[in-house]
Each structure stands twice: as C-alpha cells, then as structure tokens.
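**Q** Residues per chain are reported as follows:
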Amino acid sequence: MSRRPFVRPVSRTHWYFKHPRYLRYMSREVTCVFIGAFALLLLCAVERLSEGQAAYESFLAAITGPWSTLGLSVVWIFAVHNAISWFNVTPKALPVQIGEGFLPGRFIVAAHYAAWILISLAVLFFAGVL
Amino acid sequence: MNERMIHLEVLRYDPQVDGEPHFQRYEVPCKEEWVVLDALNAIKESIDPTLNYRWSCHMAVCGSCGMMINGEPRLSCHAFLRDFEGVIRVEPLANFPIERDLVTVADDFIDKLKRVKPYLIPGENKPIADGEYRQTPAQLMKYRHFSMCINCMLCYAACPQYALQPLFLGPAAITLAHRYNLDSRDGGREERQQVIATNEGVWECSFVGACSEVCPKAVDPAGALQQVKVASTLDWFREHLLPGAAK
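Residue numbers (this note's numbering), protein chains in the order written: chain A, 518 to 647; chain B, 2 to 248.
Hints were generated in silico from the structure; no laboratory data involved.
The structure presented is a predicted model; accordingly, all values stated were derived computationally and were not measured.
Cβ coordinates follow ideal geometry from the N, Cα and C atoms, glycine included.
It is possible that some hints are incorrect.
Said to hold, decoys possible - Over 12 Å on every C-beta distance to chain A, these chain B residues come out as not near it, computed from the model: (1) Glu21; (2) Glu86; (3) Ala95; (4) Asn96; (5) Glu133; (6) Lys143; (7) Met149; (8) Leu165; (9) Gly224; (10) Gln228; (11) Leu242.
Said to hold, decoys possible - Covered stretches of chain A, going by a simulated chain B footprint (3 or more residues, C-beta under 8 Å): (12) 615–623; (13) 635–645.
Unchecked claim - Pairs of lysine-lysine, DSSO-like flavour, derived with a Cα cap of 30 Å: (14) Lys32(B) / Lys230(B); (15) Lys32(B) / Lys118(B); (16) Lys143(B) / Lys118(B); (17) Lys115(B) / Lys127(B); (18) Lys32(B) / Lys609(A); (19) Lys230(B) / Lys218(B); (20) Lys115(B) / Lys32(B); (21) Lys115(B) / Lys45(B); (22) Lys609(A) / Lys230(B); (23) Lys45(B) / Lys230(B); (24) Lys143(B) / Lys218(B); (25) Lys218(B) / Lys118(B); (26) Lys118(B) / Lys609(A); (27) Lys609(A) / Lys115(B); (28) Lys32(B) / Lys45(B); (29) Lys143(B) / Lys230(B); (30) Lys127(B) / Lys143(B); (31) Lys609(A) / Lys535(A); (32) Lys535(A) / Lys118(B); (33) Lys535(A) / Lys218(B); (34) Lys45(B) / Lys609(A).
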C-alpha cells in the first residue's frame with residue numbers, strides 16, 4: 518500500500534489570527550517597531566545636540582506639540598507593554614535554584630520591576646527633574 | 002451513570018481515495034466521565050470501524066493520543082467531554098503531515114530527537130567496579146521537570162515557528178538536549194551544542210511560549226529554550242572576549 522501523506526497548508530501572513538495566544542505574542546513583537554522608532558528619534562536628538570545648543574533647541578521645538586505628545590504617548594504605551602511582557606517571562610529564562618527548590622518566579626519578576634524603578638529614578642535625578 | 006449524545010466532527014483522510022481531508026460528523030452516546038478518546042473508541046467499536054487514530058495508555062503517560070481538539074493541541078485521553086459544549090472538532094496534530102485520519106507522520110520529530118542525542122554521554126568512563134554515577138537531590142532537581150517530557154508532540158503542534166520553518170529543531174528536542182546538558186552525570190554538551198546552538202536550533206525560537214501553555218506534563222519547553230539561549234550567548238562571549246577560556 519503506497520503512502521500519500523497530506524500536508525496541510527500554513528498561512529504565512531494570517532497564522533497569528535488562529536489563536537489568542539499568537540495575537541498576544543504578536544502584540545509583544547510589534548512593540549519593537551515603536552521602540553525602534555523612538556531609538557531613531559533619540560539618535561537624532563544626540564546628533565542635533567552635537568551641533569550645539571541652538572540646533573538642539575530647534576529640534577526640541579520641532580517635537581513639541583499635540584501630535585508629538587500623542588505619538589510619544591503611543592510609543593510610551595508600547596514600551597511599557599514591551600517591558601511588562603518581557604519582565605513577566607524572565608523567570609523562565611533565569612531560574613534561580615536554591616538547594617532542592619527554585620526561587621518563586623514572582624521574586625525574579627519583582628526584582629526586574631525594582632531595577633526598572635530605580636534606574637528610572639536615577640535617570641530623572643541626573644536629568645535634574647527630581 | 003449519566004449518558005448524553007455528543008457530536009464530534011472528525012477530520013478524515015484516506016490516502017487511497019481522498020484528494021484532501023474532509024470532516025465527518027458522528028453522534029455518539031457518551032458517559033459523563035468519558036474523555037474524547039473514549040468517544041473515539043466508541044465510534045470505532047460501534048459506529049465506524051474504519052476510523053484511524055493512535056492511542057495506548059489512556060492515562061497521559063505514553064504521549065500517543067495527541068490531537069487538535071477544538072483547535073487546541075491536547076491529549077485526547079486528558080480532554081474530558083464534560084468540559085466541552087456543542088460540537089467537538091477533532092483533527093490530527095497540526096504541523097505534521099496526515100498519514101490517515103487522525104494519524105500523523107512523526108518521522109521529522111523522531112529524526113530531530115535522535116540528532117540532539119537525548120541520552121547520557123558520560124564525561125569520564127568509569128570502570129563498572131567503581132560503582133554508579135551518583136547524584137545529589139539538588140543536582141536531580143536542576144533538570145527533573147525537563148525529564149517529564151513524554152514526546153507527545155503537542156508543543157510542535159502549538160509552535161508557529163515550527164509551522165513556518167519546518168527545519169526548526171523544535172521545543173521538545175531542544176528541551177531534552179537541555180535536560181541532559183543540565184545532568185551532573187553528563188559530559189555531552191559540546192556535541193549537543195553543535196546541533197542546538199544553531200539558526201535551525203534554538204535561535205529559530207522567538208519565545209511565543211505556546212509550547213509551555215499546551216504541555217500536558219508542565220515541562221516548560223519555552224523556559225528550557227530560553228535557558229539554552231542564555232547559555233549559548235555566554236559561550237559566545239567566553240569564546241570572543243576571553244580567548245583560551247574553557248567553555
């Protein structure tokens with residue numbers, strides 16, 4: 518008897534609509550576009566800063582306004598989503614074994630949040646905001 | 002014992018006759034405590050003896066009866082009928098070719114499993130007279146949860162990366178490699194790294210996490226793969242930043 522296995526087609530463009538867990542994954546992955554865009558904006562800021570105070574201030578003026586605020590808010594929401602979704606899975610990548618048991622994952626996640634808050638406060642302090 | 006009629010839509014495929022698979026609907030009198038596998042057995046015994054599917058232990062140990070049940074990779078012996086409403090749709094495990102009805106072709110998985118050498122490769126060959134390779138409970142706990150894999154392939158059916166790139170070694174094979182790499186009695190990591198620390202190995206994984214969500218034995222393959230990535234990255238840094246350092 519000859520074999521004739523049937524290979525089911527896989528959609529390369531719509532596969533993530535097949536299950537909510539795939540959409541959740543894609544929502545995390547798509548954050549990189551916004552974070553990448555913000556990184557480019559930061560690079561532009563550094564470049565204008567290197568050109569002197571006047572250039573930097575005109576750059577700041579160019580990104581000030583309601584549309585910029587809206588755009589940066591969207592980037593901020595995606596950045597927070599990216600951080601939270603990655604922090605929540607860190608116990609999988611970095612398990613901490615203590616004797617015959619493992620440190621509960623919530624402590625590893627909490628350590629990441631604590632580091633996030635501390636580093637953010639340090640940045641605000643050095644920026645003169647605090 | 003309560004009995005009720007259950008409607009199942011089962012994907013059928015006869016390679017001698019069918020150009021492509023099609024759904025066939027069955028109405029089966031089922032008992033309250035039955036699982037999907039019991040319903041399939043009832044169909045085969047009383048309604049349609051031509052239905053093909055794999056099963057063996059009926060207790061979530063052998064890993065033979067994995068199927069897509071309402072689109073979710075499940076062990077059919079572990080899927081209680083009382084947890085479903087309406088028609089239950091049963092299909093062969095996704096991402097594997099269909100051999101016949103609910104039976105898939107597992108050759109690709111078996112081949113990948115062999116390639117990662119999922120067995121102990123002692124670092125030093127002790128004479129038998131020196132006794133067994135001993136291990137502390139803490140050393141056992143390091144890998145124990147990864148050793149619970151029953152090769153049921155549900156993780157492959159859930160993994161979109163495997164669906165899109167069939168060359169990907171996949172969750173279970175890499176997890177088993179990691180299980181042996183973590184074993185204090187093993188010395189085969191170098192050999193396994195040649196296979197798993199590659200583009201078609203662990204770097205094909207983008208951490209969707211579906212494998213761990215569907216694993217019936219809580220093995221957490223997604224965790225294993227991320228740990229392999231961390232270890233392989235450290236290898237790279239050691240190799241490039243600390244020339245001459247042993248891995």
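**Q** All hints are to be evaluated individually against the structure, with a verdict given for each.
**A** We went through each hint and held it up to the structure:
For Glu21(B), the non-interface assignment is contradicted: its Cβ lies about 6 Å from the closest Cβ of chain A, within the 12 Å cut-off. Every CB of chain A is more than 12 Å from the CB of Glu86(B) (nearest about 18 Å), matching its label as outside the interface. The Cβ of Ala95(B) does not lie farther than 12 Å from every Cβ of chain A; its closest approach is about 7 Å, which violates its non-interface assignment. The beta carbon of Asn96(B) sits about 8 Å from the closest Cβ of chain A, which is not more than 12 Å, so the claim that it is off the interface is violated.
For Glu133(B), the requirement that its beta carbon stay farther than 12 Å from each beta carbon of chain A is met, with the minimum near 20 Å. Non-interface call for Lys143(B) relative to chain A: violated, since the shortest CB-CB distance, roughly 6 Å, does not exceed 12 Å. Every CB of chain A is more than 12 Å from the CB of Met149(B) (nearest about 15 Å), matching its label as outside the interface. The claim that Leu165(B) is not at the interface with chain A is violated, since a C-beta of that chain comes within 12 Å of its own (minimum 6 Å).
Interface exclusion of Gly224(B) from chain A breaks down, the closest Cβ pair being 4 Å apart, not more than 12 Å. Once the 12 Å rule is applied to beta carbons, Gln228(B) is inconsistent with being away from chain A; the minimum gap is 6 Å. Remark: the non-interface label on Leu242(B) is consistent with the geometry, its nearest Cβ contact in chain A lying 21 Å away (cut-off 12 Å). Counting residues of the segment 615–623 of chain A whose beta carbon lies closer than 8 Å to any beta carbon of chain B gives 4, which reaches the threshold of three, so the coverage claim holds.
For the segment 635–645 of chain A, the stated coverage by chain B is violated: 0 residues have a C-beta nearer than 8 Å to a C-beta of that chain, whereas at least 3 were required. As the CA atoms of Lys32(B) and Lys230(B) are separated by approximately 47 Å, the hinted pair breaks the 30 Å bound. As the CA atoms of Lys32(B) and Lys118(B) are separated by approximately 43 Å, the hinted pair breaks the 30 Å bound. This hinted pair checks out: Lys143(B) and Lys118(B) have alpha carbons roughly 19 Å apart, not beyond 30 Å.
Our distance criterion of 30 Å between C-alpha atoms is met by Lys115(B) and Lys127(B), whose separation comes to about 25 Å. This hinted pair does not check out: Lys32(B) and Lys609(A) have alpha carbons roughly 40 Å apart, beyond 30 Å. Between Lys230(B) and Lys218(B) the alpha-carbon distance is near 23 Å, which keeps this suggested pair within the 30 Å criterion. Under the criterion of a C-alpha separation no larger than 30 Å, the hint pairing Lys115(B) with Lys32(B) is inconsistent with the structure, at around 41 Å.
For the suggested pair Lys115(B) and Lys45(B), the alpha carbons sit about 34 Å apart, so the restraint of at most 30 Å is broken. Of the supplied pair hints, the one linking Lys609(A) and Lys230(B) holds, its CA atoms being roughly 11 Å apart against a limit of 30 Å. As the CA atoms of Lys45(B) and Lys230(B) are separated by approximately 45 Å, the hinted pair breaks the 30 Å bound. Using a Cα cut-off of 30 Å, the hinted pair Lys143(B) and Lys218(B) holds, with the two alpha carbons roughly 17 Å apart.
For a cut-off of 30 Å, the pair hint linking Lys218(B) to Lys118(B) stands: about 21 Å separates their Cα positions. Restraint check for Lys118(B) and Lys609(A): the C-alpha separation of about 24 Å stays at or below 30 Å, so the hint holds. As the CA atoms of Lys609(A) and Lys115(B) are separated by approximately 25 Å, the hinted pair is consistent with the 30 Å bound. For the suggested pair Lys32(B) and Lys45(B), the alpha carbons sit about 16 Å apart, so the restraint of at most 30 Å is met.
Between Lys143(B) and Lys230(B), the direct Cα distance comes to roughly 17 Å. Compliance with the 30 Å bound is thereby established for this hinted pair. For the hint pairing Lys127(B) with Lys143(B), the CA-to-CA distance comes to about 23 Å; that is within 30 Å, so the pair holds. Pair hint Lys609(A) plus Lys535(A) holds up; C-alpha atoms about 25 Å apart against a cutoff of 30 Å. Using a Cα cut-off of 30 Å, the hinted pair Lys535(A) and Lys118(B) is violated, with the two alpha carbons roughly 34 Å apart.
For a cut-off of 30 Å, the pair hint linking Lys535(A) to Lys218(B) stands: about 24 Å separates their Cα positions. Of the pairs offered as hints, the one joining Lys45(B) and Lys609(A) is violated, with about 42 Å between alpha carbons and a cut-off of 30 Å exceeded.
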